[in-house]
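Chemist: These are the residues of each chain, in order.
Protein chains: 2
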Amino acid sequence: MKKQLLLVSSSRCKNGGYFEHCSNAIKEFFGPMTGNDKVAFVPYALKDHDGYTSVVSKAFLDMGYKIESVHTHKSPKDFIVDPSVKAIFVGGGNTFRLLNELHKKGILETIRAKIQNDGIKYMGSSSGSNIACPTIMTTNDMPIVMPPNFNALGFVDFQINPHFIPGSLMPGHMGETRETRIKEYHEENNTPVIGLTEANWITVNGDKTILHGERDSFIFEKGKEVRMWRPETELVL
Amino acid sequence: MKKQLLLVSSSRCKNGGYFEHCSNAIKEFFGPMTGNDKVAFVPYALKDHDGYTSVVSKAFLDMGYKIESVHTHKSPKDFIVDPSVKAIFVGGGNTFRLLNELHKKGILETIRAKIQNDGIKYMGSSSGSNIACPTIMTTNDMPIVMPPNFNALGFVDFQINPHFIPGSLMPGHMGETRETRIKEYHEENNTPVIGLTEANWITVNGDKTILHGERDSFIFEKGKEVRMWRPETELVL
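Chains as they are written, first to last, in our numbering: chain L, 1 to 237; chain Y, 1001 to 1237.
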């Protein structure tokens, strides 16, 4: 089946509302949904599943979509494979916790199969975009829990570093920059990394991978100079 | 044996030279060394062991100490237990890589035993301070490799978050603040966390744990208000 992905860097941009900066892109991506059609929401990156679901439900209702969180179902697995589920949205938070919970609930494979075999749409934001990659190794998050391994859904053949910002975050701060962190990743691994700025999102439609949004993002490949990725252009690796 | 630790947040502060901001503290901590006495250096947090050792050797020679890196020895384990080794210094870099290499080289236990049983001195900087804690779960680093587990040396009963900076790093950036990350850590774990600013370092002398340096650091305890930790005062948890 043709892969259809929407991978957002950040649910908020420049202090704007929840998905305000990319609500048109979300509507275009999901298209019209009718009747009992719904988006299955995965809230596990945050601790407060009910609170998270309520924020997300409101934002999606405003865009015309019904959200139902997997955590409200006795069997998240059965819910995800229900024919009324037309898309899956995995929200941001802590990537280690998210991956660990997907393992604990036994739905990592269920989500992978549903996207890859049934061709339903996948949207991720921040951590949810991280876990669409081969591994979670380019997350910015703290390792607050230990998942069984770092392998993720692998829908794309590149890594995403969400909330990307070039250079030092604060004048005189000596912590590693994102570029240094990604360079360290490439000392140990070979997969290209997209430094996805908060103003950007990626759509994948079959074999077409396109950047969208107000700014440029950055393409890091092992042993090569970093390149800009311009909005409305296709990713070439 | 009495524990003697020096845990530095950052090898550089405000663009200063390597350990410039705390060189007096290092000299006071190690005291005089004579003859064949040396500090065993653990360079595994960075990829370039030779380059790293050369930078560190120079800085330590300027302070009057001979450094010898464990990576130059066929058996790092035998070297660490050599009686001429009066202290161990674990340098900063990527904490996941550091912990993984300590496992691969089989010296995590060797270092632990040498510090805990023989009472030699331990100095860590950044990642090297992280791994003196019970786990590496409060590192800022990218998970570029997967260690067998997140357990570390456990010389202290608190976690350190090095290079700590309060608040948002850049106006309008929506990535999680350090406070949010530490709050997420406490949603899953109970150990107190020290947000150690780059101007600070911690000395542990038996059961006395004291903060030093130009600024305040921060004490995060699960379910409690964050507290300031003033320099030259003892840690009370």
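Where hints are given, some of them may not hold.
What the hints assert, rightly or not - Residues from chain Y shown here face chain L by an in silico Cβ test under 7 Å; the list is partial:
(1) 1012
(2) 1062
(3) 1142
(4) 1174
Don't read these hints as lab results, they were simulated from the structure. Just so it is clear, CB atoms sit at the ideal spot from N, CA and C, and this is done for glycine as well.
Chemist: So, for every hint listed, does it hold in this structure?
Modeler: Now for the hints, and whether the structure bears them out:
1. With a cut of 7 Å, the hint placing residue 1012 of chain Y at the interface with chain L holds, because the nearest CB-to-CB distance is about 5 Å.
2. The beta carbon of residue 1062 of chain Y comes no nearer than 19 Å to any beta carbon in chain L, farther than 7 Å, and the hint placing it at the interface is violated.
3. Hint status for residue 1142 of chain Y relative to chain L: holds, with the closest Cβ pair at about 5 Å, below 7 Å.
4. With a cut of 7 Å, the hint placing residue 1174 of chain Y at the interface with chain L holds, because the nearest CB-to-CB distance is about 5 Å.
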